[in-house]
Amino acid sequence: MLIPVLLFIVGLLCLIKGGDWFVDGATGIARRFHVPELLIGATVVSIGTTLPEVMVSTTSALTG
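Residues in the sequence shown are numbered consecutively from 892, following my numbering.
Just so you know, these hints were derived from the structure itself, not from any lab.
Just so you know, even glycine gets a beta-carbon here, dropped at the ideal spot from N, CA and C.
Derived DEER-like restraints, expressed as beta-carbon distance ranges:
hint, residue 1, residue 2, range
1, S937, L893, 33 to 41 Å
2, I894, T934, 33 to 41 Å
3, T949, F913, 19 to 27 Å
4, L942, L904, 19 to 27 Å
5, V896, V947, 22 to 30 Å
Put together the whole structure using the sequences plus the hints.
Written as structure tokens, this is what we have:
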């Protein structure tokens, strides 16, 4: 029982830190190219959050 709880906590912390890095990176891209952060949020971040679902769907469709 202890191992699953620890794995859950570690996974949650990694997810939070990864999301923080993703947002910081998107903000850095917006500043570097002098693009409004809203535009980056509407495109890059939306693609980044949707891409895993697209890959899972594509893989499942190809494997049957």
